[in-house]
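*Asks:* Now for the letters of each chain:
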Amino acid sequence: MLTKDSTSDSANSAGQVLDFKDVTKVFKSGNRSVEALQGVSFQVRPGVITGLIGPDGAGKTTIMRLAAGLLIPSSGRITFFGVDILQHPSRVQSSLGYMPQHFGLYEDLTVRENLDLYADLQGVGHSERPARYSQLLDMTGLAPFTSRLAGQLSGGMKQKLGLACTLVRSPSLLLLDEPTVGVDPVSRRELWAIVGGLVKSEGMSVLLSTAYLDEAERCSWVVLFHEGKILGEGTPMNFSAPMKGRTFSVSASGIQKRSMQQRLMDNPSVVDAVIQGEQVRVVVKSGVQTDAESLLPGAGDVMLREVEPRFEDGFISLLRERVAETSQRMSFDIGELSSSQALSAASGPIIKVQDLERRFGDFYAVRGITFDVGRGEIFGLLGANGAGKSTTFRMLCGLLPASGGTLRVAGLDLRHSAATARGRIGYMSQKFSLYGMLSVLENLQFFGSAYGLDRRRRATRIDWALEQFELQPVSSDTSADLPLGYKQRLALACALMHEPDILFLDEPTSGVDPLARREFWRRISALAERGITVMVTTHFMEEAEYCDRLAIMAAGEILALGTPEQIKDRMRTDSQPEPTMEDAFIGLLEEHERMEANAA
Amino acid sequence: MSETSQSLPPPPVRFGSLMRMNGLIRKEFLQILRDPSSIAIAFLMPFFLLLLFGYGVSLDAEHVPVALVVEAPDPETASLAGSFMASRYFSPTVYSRMSEAITAMNERRADAIVHLRSDFGRMIYSSGGAPIQVIIEGSDANTGRLVSGYIEGTVQIWLAQQARFKGQSLQAPVDMRPRIWFNSEVRSQNFLVPGLIAVIMTLIGALLTSMVVAREWERGTMEALAVTPVTMTEILLGKLIPYFILGMGGMILAVSMAYFLFEVPLRGSLWLLIATSALFLLVALGMGLLISIIARNQFVAGQVAIIVTFLPAFILSGFIFDIASMPVGVQVITHLIAARYYVAILQTIFLAGDIWSVIVPNTMALFVMAVFFLGVSRRKARKRLD
Amino acid sequence: MWRRIVALMRKEFLAILKDKKSRIVLIGPPIIQLLVFGYAATYDLNQVPFAVYNEDQGEASRDLLAKLRLSPTFHEVAIVTHDAEIAPLIDSKKALLLIHLGPDFSRNLDQGIPAPLQVIVDGRNSNTAMIALNYIQSIVEVFNKEWNATQQLGTPRAYLVIRAWFNPNLESRWFIVPGIIGLLTLVVTMLVTALSVAREREQGTFDQLLVTPMRPTEIVLGKALPGFIIGFAEATLIMVVAVYWFRVPLLGHLVTLYIGLFLFLLSAIGVGLMISSISLTQQQGLLGAFLFLVPSIILSGFTTPIANMPPAVQYVTYINPLRYFMVVLRAVFLQGAPFLSLLNQFWPMALIGIVTLSLAGWLFRHRMS
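Residue numbers (numbering that gives the first Met the number 0), protein chains in the order written: chain A, 0 to 599; chain B, 0 to 385; chain C, 0 to 368.
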């Protein structure tokens, strides 16, 4: 373990690949100016992977673009092997490999044509190409697909092709901007293996940004970002080590896992509590006496087991220290139950899906899936981008006709049912679709009216939403300019304006920082406890733990269906006694591929 | 790579920008081939627009509906009516009462009324002659003026015939003998079709390029391109050359349609037509490129391209409305419209021939505009995001 | 139901008017275009450059030329003395026409022999050429009439008394400016509506809208009404400029005009929303709007009469709402046409509007990515 202080001294910066010194970046839009980076200093060391970790909007992409010479710093200095990037951008750029978000591929060109283009641009001689190509194609496993259009590759393959394109001529520094966003866990692991291999065999230096905290543990050096500032830097161990002795796994027989988590979160000595299987993983404040009684007063049968700290624990506790506690609400009131909910309190599944199928041309986006969801249940659809989650979702909401099979939401097919039936569902779409030009209040007013609330009820609900979602201070701000966390809260508030029975949430937490995510799930749990059915999609494996039941999807099919524990149990082996949801997912995918291969 | 290396690694061996340009151009062509929308813009749009407009836009009025009011039929009125019937310009309807004719005009069934009063047969032998009252539907002033000219001509011919039958000669003291150069049969298509080519190519040139640079920014590919040794000039040329070739294809299609389909005579030389068209295409593409570079967003780029190309080229290029007759302020504005110069060149090369006194100054103007648009594009185009 | 529609309308307005760029697009270009085009789009000629080649020394030729020189329509740019000078003048467009009086012009006139007046005109723009010739013809006629009167010669047995109704001085501006009202109203409504659904689809808010209890009819109404209000405001503004700035007479009843405007907006908004609901991206919407705008302007009778088009093209114009509105505008402005006489223009616009709006509403739900 390194004993180095988190702010490294500048004396040894001369030997660094990349050196940011007191860099500030201000963006101006109209008469507003936003400080994306505030006095950032850090170095990228040679021959290792340096990770930029932080939620969306923390300034990771700005750093990447500054490093690539695509942006000019407002103040400060950036040097690359001692050369100022501002003064010699083209010299620096010719020895960089940069993969932007979304990989910078030409989707209407084939794999081979993309490689050719970048080889031409990088000045790779025709004689060197065959050897280099075969090396890259072997490494990425793209060799069988050279004549396929990049647009028709899966997310993971695109990511690997993007990487291959930046490696056509071996760069001295590889910049990867969120290379794993929206990519399935298998591809994520493969990417890390490739990058790790490059570092080991070619001594390449890598700067990589990510919002996945678990990826931080694979970096040699981690720089933590939050709202344009460095929160801390060091090896991953630097962050998790101080948490030693503060992390526990709690289980109690008499209490439901979600309410146990609630109660733990409300405990002032608890920093973090997340559901993990049937247990709750707890991080406590330092120097706090920890026993079952103090954590869950009054609950019997409480088991407490100390567990290994993770990088995430360190990050969360750092964030909690820095970020004002004000945004952490201790309770969430969903308001009085409306009459329609009382009416429909009949038993039986509220969502029934049977052999649901959706074709686009001869491509099956969803192929014969069957499941049902009970009242008050949180049901999750888990899978990578393109697995068919959103298509399923849109069919359930009546936005897309099914090509085959039946589906019933509260006994109705929303596509053909009367408009009033749609008044019973709330829908929150991917990317928190709101009217960006409108203010927060105007958005709430609009959705209130769109759901047909009368003036009085609308006014009460708007007051409720502003109060419960802490939107009062920003109520007259233009919603497009809000930070992502606020947008997410506003989107949820809009979907709840009419007190729906069923809530559809499509990727509700993507890009949001871990604290906002916890807060969000807290609200969802509270809603479920009041009998509201929640249907949610996510590609964050750990979020599956919040669901009562879930379906894991890949290539339009359901690979597994059940409670989180049941699904993990399927993958429990002697070599893997405690599989995580990600392990289970990868295991299921591999099993599925083997079956496909056997069938073929 | 050693940890102590303090200097920048040497730049890669220079294979010259030729390889990079080659890569960019090949990429652009592949994209054009895979996304048929640019091929549609380059070839289908000129084809259909020229077809539709070439036939649709015409200022030659024929078979103009005319109400002939004959209050007292006699041999004289019958022979005058016969003259109208025989003319290809008119399709007359005969009424016996003025009120009926007025109703017809109000209902837009007649563009003019020729009124022969009941005393026509008597007055024609009086010393003063007989008045023929003509009422023109004047709301469309241009057509109104044409119709009134046609009516005058028809009546003059009739009067001359009448005089000849009676053995008299009826000659106007001054006899105007017009000679219309370059377009003796006065086909409006002969000047409209070259003008339409200019309008359509302005549109297509700007549409082809206005979105392509913006598209690279929007899809994030420009970011990846920018962090390679490629220079901005190479990127711009890599865009310009493929779309220039595509645009020339569309241009040749349009010119062939003008020559073969609309039978517009080509009196100048083909090479001059091609050379000036190439220059004009550069201006149009340059304008699109500049819009695209400034907008960095396909949507805004498209919107701007539409606002600044079509209507200005249609109305201010002189292709249909005479520039010299516009107020001075508006004339100044027309100098900013590239189509204005190209219309003058096209109408001259097609109808008059290689007249250097027209071609040289207009070509110079196009050249200046091309240099301006491409130069400003190059200056404005940055590899940086801010 | 109305609460939801009003809410949607309010939202549309806020979305359009809060954005500075779209506010400018709505107000700036239409006014600039009205002013520039109002002055530019005219077939009336003035300051036509002409050259004189006068080989005659007589008084009659001087009289005739004086009439030309005094006319504001013509502007003398050169005097030619040799045949060889003619071609360069016309070729280079320095002069649009050349008046040639032969050496015997005056003598012929005095002897009662018809004196030829040769006019050479540049036919590259044959329309301009014909108009210029007409102007000269009428000057010659005035001269002839005066000559006959002074020389006590016999008059022809019949003469024309020509009057133009609705536009006594045959000013093109009276014809073109009302047309521009239709043109710009169309452009503005297309810009407002053709992107509105596509934009929401792209931003994902359209899904959000479709899962609310709103019915397609309500969405159509909520999307269409802002277009109506903006269209009415814009058209009224342009009409005020047409009447008070360009002094185009407005003879007919405002009610008739506004009924026409209402029906035109109905059809234009219908087409706009239909294009918008077919498009999956704003770019497709923009291209679609554009591909609709260009032919509908050219084939509307705005600059060239529909009657001059070949029959097949004339049939195509029947689906163009602007064609009908052009007739309404000109008839109401210049002719003071009564409501009933325009029924044949009204019902096709209403039909186009109803069909396209229903299609748009149907497409909201059935056009999916």
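Calculated directly from the structure, the hints in this document are not laboratory data.
Keep in mind the model is a prediction, meaning the values are calculated, not measured.
Take these hints with a grain of salt, some might be off.
[To be verified] In silico DSSO-like links for lysine-lysine, alpha-carbon gap of 27 Å or less:
#, chain 1, residue 1, chain 2, residue 2
1, A, K27, C, K19
2, A, K430, C, K66
3, C, K92, C, K66
*Asks:* Indicate, hint by hint, whether the structure satisfies it.
*Replies:* A quick look at each hint next to the structure:
Straight-line distance between C-alpha atoms of A:K27 and C:K19 comes to about 16 Å, which keeps the hinted pair within the 27 Å bound. Restraint check: the Cα-Cα separation between A:K430 and C:K66 comes to about 76 Å, which exceeds 27 Å; the hinted pair is violated. Among the hinted pairs, C:K92 with C:K66 is consistent with the structure: their alpha-carbon atoms are about 23 Å apart, no more than 27 Å.
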